[in-house]
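K.L.:
If you read the sequences in order, they're chains P and U.
Numbering of the first sequence is given in this note's numbering, commencing with residue 341 and proceeding in unit increments.
Numbering of the second sequence is given in this note's numbering, commencing with residue 341 and proceeding in unit increments.
One or more hints might be untrue.
The list treats identical chains as interchangeable, and a pair is accepted whether it falls inside one copy or across any two copies.
Unchecked claim - With a Cα cut of at most 27 Å, we get these calculated DSS-like pairs of lysine-lysine:
no.	residue 1	residue 2
1	LYS465	LYS434
2	LYS422	LYS529
3	LYS459	LYS529
4	LYS529	LYS465
5	LYS601	LYS591
6	LYS612	LYS542
7	LYS612	LYS601
8	LYS529	LYS591
9	LYS542	LYS437
10	LYS465	LYS601
11	LYS612	LYS668
Don't read these hints as lab results, they were simulated from the structure.
2 protein chains.
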Amino acid sequence: MAISIAIDSHGGDQGVSVTVPAALSALAANPDLSIILVGQQDLLDAELVNHSNNYPDRLSIQHASQIVGMDESPALALRGKKDSSMRVAINLVKEGKAGACISAGNTGALMATARFVLKTLSGIKRPAIVTAIPTMFGHVHFLDLGANVDSSAEVLQQFGVMGSILVQSIEKQDQPKVGLLNIGHEDVKGNETVKAADELLKNSPVNYVGFVEGDDIFTADLDVIACDGFVGNVSLKTMEGLAQMITSIMKEEFNRNFLTKLAGLVAMPVIKALRSRLDNRRYNGATLLGLRGTVIKSHGSADVYAYTKAIEEGYREVQHQVPEMIEKVLSTTDLTNSTKT
Amino acid sequence: MAISIAIDSHGGDQGVSVTVPAALSALAANPDLSIILVGQQDLLDAELVNHSNNYPDRLSIQHASQIVGMDESPALALRGKKDSSMRVAINLVKEGKAGACISAGNTGALMATARFVLKTLSGIKRPAIVTAIPTMFGHVHFLDLGANVDSSAEVLQQFGVMGSILVQSIEKQDQPKVGLLNIGHEDVKGNETVKAADELLKNSPVNYVGFVEGDDIFTADLDVIACDGFVGNVSLKTMEGLAQMITSIMKEEFNRNFLTKLAGLVAMPVIKALRSRLDNRRYNGATLLGLRGTVIKSHGSADVYAYTKAIEEGYREVQHQVPEMIEKVLSTTDLTNSTKT
Numbered sequence: 341m342a343i344s345i346a347i348d349s350h351g352g353d354q355g356v357s358v359t360v361p362a363a364l365s366a367l368a369a370n371p372d373l374s375i376i377l378v379g380q381q382d383l384l385d386a387e388l389v390n391h392s393n394n395y396p397d398r399l400s401i402q403h404a405s406q407i408v409g410m411d412e413s414p415a416l417a418l419r420g421k422k423d424s425s426m427r428v429a430i431n432l433v434k435e436g437k438a439g440a441c442i443s444a445g446n447t448g449a450l451m452a453t454a455r456f457v458l459k460t461l462s463g464i465k466r467p468a469i470v471t472a473i474p475t476m477f478g479h480v481h482f483l484d485l486g487a488n489v490d491s492s493a494e495v496l497q498q499f500g501v502m503g504s505i506l507v508q509s510i511e512k513q514d515q516p517k518v519g520l521l522n523i524g525h526e527d528v529k530g531n532e533t534v535k536a537a538d539e540l541l542k543n544s545p546v547n548y549v550g551f552v553e554g555d556d557i558f559t560a561d562l563d564v565i566a567c568d569g570f571v572g573n574v575s576l577k578t579m580e581g582l583a584q585m586i587t588s589i590m591k592e593e594f595n596r597n598f599l600t601k602l603a604g605l606v607a608m609p610v611i612k613a614l615r616s617r618l619d620n621r622r623y624n625g626a627t628l629l630g631l632r633g634t635v636i637k638s639h640g641s642a643d644v645y646a647y648t649k650a651i652e653e654g655y656r657e658v659q660h661q662v663p664e665m666i667e668k669v670l671s672t673t674d675l676t677n678s679t680k681t
Numbered sequence: 341m342a343i344s345i346a347i348d349s350h351g352g353d354q355g356v357s358v359t360v361p362a363a364l365s366a367l368a369a370n371p372d373l374s375i376i377l378v379g380q381q382d383l384l385d386a387e388l389v390n391h392s393n394n395y396p397d398r399l400s401i402q403h404a405s406q407i408v409g410m411d412e413s414p415a416l417a418l419r420g421k422k423d424s425s426m427r428v429a430i431n432l433v434k435e436g437k438a439g440a441c442i443s444a445g446n447t448g449a450l451m452a453t454a455r456f457v458l459k460t461l462s463g464i465k466r467p468a469i470v471t472a473i474p475t476m477f478g479h480v481h482f483l484d485l486g487a488n489v490d491s492s493a494e495v496l497q498q499f500g501v502m503g504s505i506l507v508q509s510i511e512k513q514d515q516p517k518v519g520l521l522n523i524g525h526e527d528v529k530g531n532e533t534v535k536a537a538d539e540l541l542k543n544s545p546v547n548y549v550g551f552v553e554g555d556d557i558f559t560a561d562l563d564v565i566a567c568d569g570f571v572g573n574v575s576l577k578t579m580e581g582l583a584q585m586i587t588s589i590m591k592e593e594f595n596r597n598f599l600t601k602l603a604g605l606v607a608m609p610v611i612k613a614l615r616s617r618l619d620n621r622r623y624n625g626a627t628l629l630g631l632r633g634t635v636i637k638s639h640g641s642a643d644v645y646a647y648t649k650a651i652e653e654g655y656r657e658v659q660h661q662v663p664e665m666i667e668k669v670l671s672t673t674d675l676t677n678s679t680k681t
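This is chain P alone, in the form it adopts within the complex (with noise of 0.2 Å):
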């Protein structure tokens, strides 16, 4: 099945000199991908001339003219730029001329354009940021990792049911286990609201295993977490920032002097073999879940590695068609109402 995936050129840190290396890798490793390079042109060609383009019959340009600044407000880049890399990208997904838009620009205004253009599928109330986190027994899901604060108990709900049907389409998992967050595995632990989601999780149509706690994202063999976006987005950013800090840290004890630097010689197959084991560019590629259409969020900072994940990780879900799956499963089942199949 043929599948051609927009990319938002200018989006990054980086931009262009990421996202056009990683649009070629991705070309190389996947024969039916299609790649349309959306972007101001002349920089696109710049940048194309740095490399050998094999592909020349499966990679176009789509000339836009404005870039969203990481730090520019959403709804200002809603408003003021319409001709920006990003929003032509999300309308050729809207136009049926893309099946996914890949993404590292600004979070904000790639959730609210991408909203704007594509809607929310028919029932769902919010849509979350999903990822891929590695744990001690491969990976879980995890969901939302900050499009929502104050999501209310239907929409944990439905988080864990997208979480669930994401799994199923994209991993061939028959029943995916998905847990709650929460601050204790008791029925009488967290806020009120987590106590009704919890209700509401027992009688949808998943693999619901109950509470889990912070620990359990890395400790426990769960496929999907789901939590307000709140919660994973501080979650997620600890990970991040203890990861840092036991990386500096290691760099310095191993820098210390001439016998450790030796030990961190003798060690290195070692290290490696644990980097990358740790590497979270592996599971680079956000997924924005519940709209009509696939929109991915790469890190901002994502290295030609990272990126060329982020659009295997659309082209994936592309193939799986995991919207209309989400849509097939609440076209049948009343959440609000529903009892296990």
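Assemble the complex: chain P is given as a structure, and chain U must be docked to it using the hints.
P.N.:
Using the frame of chain P, we list chain U on its own:
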């Protein structure tokens, strides 16, 4: 200044086999400390036989017949266990016979009992649980860790103020830097509660630096971070889970084969230095802040070293009269209408 501390000897996963040797170790290190071991006389006598008690004049036993279970409901413990080691230890603080109580028991029961027996300080809406967390700059005091969900803006403001006074008192820091945890640094980010708390903290008698994000816990030079207990608990447990996963993956990688084991031996001094810098046992002892008395919660799985640290945290807070300092500041400042001093 002679300081007396009451220990809930049966609290925690290990009970007297940890609390008794930790008490002896704290007595050895602090000549003006005296300890009251609260618990079942026969069990305490039996445990003391295993150790040489060099401080008979500074160590006493207060019999208490009951034990609060680690999974017992706080309400049931409060109503039904009036002669528990936990309750009697807190009573000793109330009666002025001890300056602080240390417990590794059930957090919910400890908070409920401490609030019931000691009461909150005048003007304090909700007590918080606070602990120090190792960071790239030393450590930061982080609260609330789960005592309060759905904290109002006023409660978040009080967390910031209480945290600041705690750090001022025990670390002799003039202007501790206080941050409010959010999902972005900009004013427009977050929910209505943190936006309102941000305004209140800007007009509070603390060195408020504004919104901080999850990664700032480790990578920014802060002294206090305030947040709602749901968010703080998830963040703390996220750290615990990630640290556990990294430790386990390191062990796996270094044990993979003969060569990696050899590399592990060579790198051992570095790994030990690393482990010691990340060792959160050093920071064991979370304070129940905002009560009329000092109550310290040790991690349930604390070993003798960690439990000794919790006793010493209690010692330091009594020495620096933390509850009295909070009361003093609150009695001279109207937080609801305060201006920076």
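K.L.:
For each hint, tell me whether it holds in the structure or not.
P.N.:
Structure-based check of each hint:
1. Within a single copy, LYS465 and LYS434 get their C-alpha atoms as close as 20 Å, which meets the 27 Å cut-off; across copies the closest is 51 Å, which misses it.
2. In the homo-oligomer, the alpha carbons of LYS422 and LYS529 lie at most 27 Å apart only across protomers (24 Å), although the nearest pairing inside one protomer, at 47 Å, exceeds that limit.
3. Only between protomers do LYS459 and LYS529 lie at most 27 Å apart by alpha-carbon distance; the minimum there is 23 Å, versus 35 Å within a single protomer.
4. In this assembly of identical chains, the alpha carbons of LYS529 and LYS465 lie at most 27 Å apart whether taken from the same copy (26 Å) or from different copies (20 Å).
5. Proximity of LYS601 and LYS591 under a CA criterion of 27 Å is satisfied in both settings, with 10 Å inside one chain copy and 20 Å between copies.
6. For the homomeric pair LYS612 and LYS542, neither the shortest alpha-carbon distance inside one copy (42 Å) nor that between copies (45 Å) is at most 27 Å.
7. For a Cα distance limit of 27 Å, the shortest separation of LYS612 from LYS601 qualifies both inside one copy, at 15 Å, and across copies, at 15 Å.
8. Taking the shortest Cα distances, LYS529 and LYS591 never come within 27 Å of each other, neither inside one copy (40 Å) nor across copies (34 Å).
9. Within a single copy, LYS542 and LYS437 get their C-alpha atoms no closer than 40 Å, and across copies no closer than 50 Å, so neither meets the 27 Å cut-off.
10. Taking the closest pair of Cα atoms, LYS465 and LYS601 never come within 27 Å of each other, the shortest separation being 54 Å inside a single copy and 53 Å across copies.
11. Proximity of LYS612 and LYS668 under a CA criterion of 27 Å is satisfied in neither setting, with 43 Å inside one chain copy and 54 Å between copies.
Violation of the numbered hints given earlier is confined to hints 6, 8, 9, 10 and 11; the remaining hints are satisfied by the structure.
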